Every structure is written in structure tokens, then in C-alpha cells.
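Number of protein chains: 2
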Amino acid sequence: MTRNELIGNILKKKSFLCVGLDSDISKIPSFLHGTDDPVFEFNKGIIDATADFAVAYKPNIAFYESRGASGWVTLEKTVDYIKGNYPDIFTIADAKRGDIGNTSKLYARAFFENMDFDAITVAPYMGKDSVAPFLEYPGKWVILLALTSNKGADDFQYHPDEENSLYKLVFRKSQSWANEENMMYVVGATRADMLSDIRKAVPDYFLLIPGIGAQGGSLDDVVNYGMNSKCGLLINSTRGIIFADNTRDYAKSAREKAHELQSSMEARLVKQGLL
Amino acid sequence: MTRNELIGNILKKKSFLCVGLDSDISKIPSFLHGTDDPVFEFNKGIIDATADFAVAYKPNIAFYESRGASGWVTLEKTVDYIKGNYPDIFTIADAKRGDIGNTSKLYARAFFENMDFDAITVAPYMGKDSVAPFLEYPGKWVILLALTSNKGADDFQYHPDEENSLYKLVFRKSQSWANEENMMYVVGATRADMLSDIRKAVPDYFLLIPGIGAQGGSLDDVVNYGMNSKCGLLINSTRGIIFADNTRDYAKSAREKAHELQSSMEARLVKQGLL
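Chains as they are written, first to last, in the working numbering: chain A, 17 to 291; chain B, 17 to 291.
No wet-lab data here; the hints were simulated from the structure. Bear in mind the structure is a predicted one, so any value in this text is a computation, not a measurement. Accuracy of the hints is not assured; some may be wrong.
A pair counts as met if it fits within one copy or between any two copies, since identical chains are not told apart.
As the list claims (entries may be wrong) - Below, computed lysine-lysine pairings styled on DSSO-like, alpha-carbon distance capped at 27 Å:
| # | residue 1 | residue 2 |
| --- | --- | --- |
| 1 | K60 | K43 |
| 2 | K216 | K43 |
| 3 | K121 | K60 |
| 4 | K121 | K43 |
| 5 | K121 | K93 |
| 6 | K167 | K121 |
| 7 | K246 | K167 |
| 8 | K167 | K156 |
| 9 | K167 | K189 |
| 10 | K167 | K184 |
| 11 | K184 | K99 |
Chain A with its partners taken away, still in its complex shape (with noise of 0.2 Å):
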């Protein structure tokens, strides 16, 4: 998908939601236990109830993976359901890989070849050779890890000092390996107040803000901080969403709260004159 397609999608749904798939099979409504695929039957109701409000679907991998190569199946008819019914969605595997050229181009061929993902999360710390081979097919994505959300974060990612740190390096290195057609960074919100510097380093590139409500960020502070005048953001929810109910109603729960956070997304686009 392109940046153009994407924000024409933003605007015609009038949201920036991603719904992280995290879809922990401990977690799901204990009824769907007793079809085939838990998962993807669950997947299938969240996606169902949610595609109006959304723009892009994002699984964390490692929720697929821990459950073998059965999980894999379940990625698989996950992205393949996504992209067969609502082919506007942006698809990201969040995947945080990263490794050797040779390495990378593998796992580039699983996400982007194998499945149809539009997007995957890099992990920088093995430098340009380790990202480089995601970039190499059109269309496709990659979401950097810049800052995140979690307390980790401090150990390394503001090294040496914040003048200096690290994050800021991996956004200047990184947009001499590509541009704001073919690269995003996730931006952890919990450092909402810290979105405006980062509007600074890298202003017209997307921003894919995890850790909006379970992981504390607040909407508001990221809209204020964090967009631009194409909008720029892409704001994930999870928990809030797809756990929202484990009844039998779990799937209109999660369309209500999708709704809902669609809502302050419309608000929030029309004051800053997107709509």
C-alpha cells in the first residue's frame, strides 16, 4: 500500500486505529474453544465487528508463534481473511526481527512474500544491512523501533544522554536508508511530551504509537504532539479493544470501543482542518 492510499484511507474512514491481534488464546471468549481455530475464528469476529473504524490490523507474532506451527496457520489465514475482505486495511506484522542481510531477506520473504503483511517492526540495533532487505519490495513497510513504550526503553534508547541518545540517532541514520513512502517509526506514547521534538527529526513521516490505553498513553497528548498535516499517525489499541468482553458479545464490545475511539479520531481530524 502507499503513503497516498493510506492516507486516503485514513480520511475516507476517518480514523488512524490500529487494532493490535494480539490474540492470546488464554484470553479469548471460552465458547470459540470449541471450533477448529479459536483464534482465527476469533480474529475473524474482532475484524468483522471492527473494519468500519480501523485503518490498519497489527498481530504481534509472538502471540501466533508460541503456539507452534498451528499458530503460524492461524497468522496466515489471518492476513489472507484481512486482505481478502477489506483490501484498504493496512496489515503490520509486528514482529520486531532484525538480523544479518541474509538473515533479514528471509524473513522479509516470510512476511512479505509468503503472507501478503503491507508492514513489519524492525528491531535497529544490528544497523542498515539488518533493515535494508524489508525495503526492497514496493509497496511494503518498515516500522523501525525508535522509542518504546515499555520501562526498557530507558536502559539503552536514551544513551548517552538525551541531547545524544540513541533514538534520535536510529531517526537520522535511518532516513538516509529510505523515505516517508517505505519507512515508519513506533513512537512509544507513554513520552507524548516528547512528540514534538520527534516532529522535528522526522516531520513527515508516519508515527505507529503503541501503548494508548492499558500501556498509559492518553489521545490527546499524541494528537496534539504527534500530527501533521497528512494526519502521520497510526494509533494502536489492543487490550482496550479486542478484550473489552470475553462473552459471547465480545465482538460488539470491541466494534463499540473501536467506535468510540474512531469518534475521537474524527473529532480530532476535523479540529486540526484534515476534514
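Please arrange chain B on chain A, whose structure you already have, making use of the hints.
Then chain B, alone, in the frame of chain A:
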């Protein structure tokens, strides 16, 4: 596997060789392609031929993941085969995973519970809580990326300068999360000149050294600067062993190459006074 058991196996086998099972389906001998699971047959051949001379096997997960669910089955069968037939072999999932705590926990489940790997490689970018879940398994190991052997290592791992570099901070911080009984480090052999400094930072820890052979490192340099009084080294070789020959004799050639390396290692263990 405990540290003492690993050291015992090194002394018994007179080897600190790790064989990389980066079993690219496009590079394995063509006669195997008629079998039900060519990559598993290939791995079995390599393992049976080289287990006398190796103390560890290290499949890089990308080579399996790039084949989808069936690749995952091959990986599971490969670990089971090693554990079932060569229980004194140390098995490393070269996965370079790392995510927020509840997610890393699921990766730990994938590699330490669903599969019985002894160790997993982990990327440090997200800090302590992304690493900690892997450390909760007694007898299991984290092998943390410190200084990698690829060109891209220069991009971030030396930030901001040699003296205060990120990779040194990784050594410093991570030693408060774990100890030499459950953590090792990946140190690229192409930087053998820096190994003596690294040994000062982590005197008692095992180092996993990739990049001997195809990636350009020298065994002599690594031993001279990296060996400690308990050996403290696992040296990986992949392409020079597993793809030494792509005829029906591939396993025999792999055995010869592994034996050559083991002989050099035995000589160095003697010279250093460990045997």
C-alpha cells in the same frame, strides 16, 4: 543445561564448536528434494555426521520461518531430534527476539516450552523487561546481542564513541539482570582485536562468536583474545560446514570440516592449559 555441564561437554569433546543450521532449502543437495521434509533430512544428516565434534547447534529461525508452518514443523523436529539423540548438545535458537514483557514471555514459551531449546539469542534494544522473561527458566539461557559481526554494527553499537559505546553499556547493564550461569553474549569475530577489552568487561561469561570463516573471523585471534580459564567460547561455523559440499556426500564433507575445526580447537585447549 547448566554452565558446568556445558564446560564438561567442551572438555569431554575437546571442542567448543557450534554448528549453524541455517539450512536454506535452496542450497541443500538436490537428491533430498524427493523426501517428505528435505530440510529435516538434511539437518539429520548434518547432525549425525558432526555431533562427535560439536558441542552446540544453532538453527537461525529465519530459515525455518521463511517456509511458513511447514518450516516451523521442521524446526520442531530438528530440536526434538537433537535432544532425543544427543542430549549433551547445547541448542541455540538464533531468533534475535525481544519485545515488551508480556510478549517476550510468549517468545520464551515458544522456544523454551513448546520447543526445548537451551538458549535463545535476544536483541537488547528494548531493555531489561524485554529480556527478563527469558531468564525465568532454570537451566535456560539468554544470549544477548552485544557486538555483531555485520557491517551495520557500526551504525549504532559504537554510539556515541568507542569509550562509551552502546555495546559496552549492554555488557554493563545486563550483568545486573543475569549472571554467567544464564547469560552469554554474541560478539562478532571480525572484531577479534577488541576481544581482550571485552574479556575485561565480561571475564566469566561465555561468548558466542559468529563469523568464523565466511564472515571473515580468525580462530586464532578469537582464542588468543577471547578464551578464559573455563574456555568461555562457543565458536559458530555454518556455511563452511553445512554447505561444504552439495552432493550425496554432503554429510561426509561436513564431518571432515567439523573434525578439522575440532582438531584446531583441541590444540588450542591444550595450549591454553585446559586439557
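Exercise for review: Measure nothing new, just compare the shortest in-copy and cross-copy C-alpha distances for K184 and K99 to 27 Å and report within, between, both or neither.
Suggested key: Close neither inside one copy (34 Å) nor across copies (44 Å); limit 27 Å.
Check your understanding: Is the C-alpha distance from K167 to K189 at most 27 Å within one copy, between copies, in both cases, or in neither?
Key -> both (24 Å within a copy, 14 Å between copies)
**Study point:** Status of K43 relative to K60 across identical chains (alpha carbons, at most 27 Å)
**Key:** within (16 Å within a copy, 38 Å between copies)
Practice item. At 27 Å max between alpha carbons, let me know whether K121 reaches K93 within a copy, between copies, both or neither. Key: This pair counts as both: shortest intra-copy Cα distance 23 Å, inter-copy 24 Å.
Check your understanding: How would you label the pair K167, K156 (within, between, both, or neither) given a Cα cut-off of 27 Å?
Key -> between (30 Å within a copy, 24 Å between copies)
**Study point:** Identical-chain pair category, K121 with K43, by Cα at 27 Å
**Key:** between (34 Å within a copy, 15 Å between copies)
**Study point:** Intra- versus inter-subunit Cα pairing at 27 Å for K167 with K184
**Key:** So K167 and K184 pass the 27 Å test inside a copy (18 Å) and across (20 Å) alike.
Exercise for review: Measure nothing new, just compare the shortest in-copy and cross-copy C-alpha distances for K167 and K121 to 27 Å and report within, between, both or neither.
Suggested key: Answer is between: at 15 Å across copies they meet the 27 Å cutoff, but 31 Å inside does not.
Point to revise | Up to 27 Å CA-CA - K43 versus K216, copy category | key: neither (40 Å within a copy, 46 Å between copies)
Exercise for review: Can you give me the call for K121 and K60, within, between, both or neither, at a CA distance of at most 27 Å?
Suggested key: between (30 Å within a copy, 25 Å between copies)
Check your understanding: Is the C-alpha distance from K246 to K167 at most 27 Å within one copy, between copies, in both cases, or in neither?
Key -> neither (30 Å within a copy, 35 Å between copies)
The structure shown violates the earlier hints numbered 2, 7, 11.
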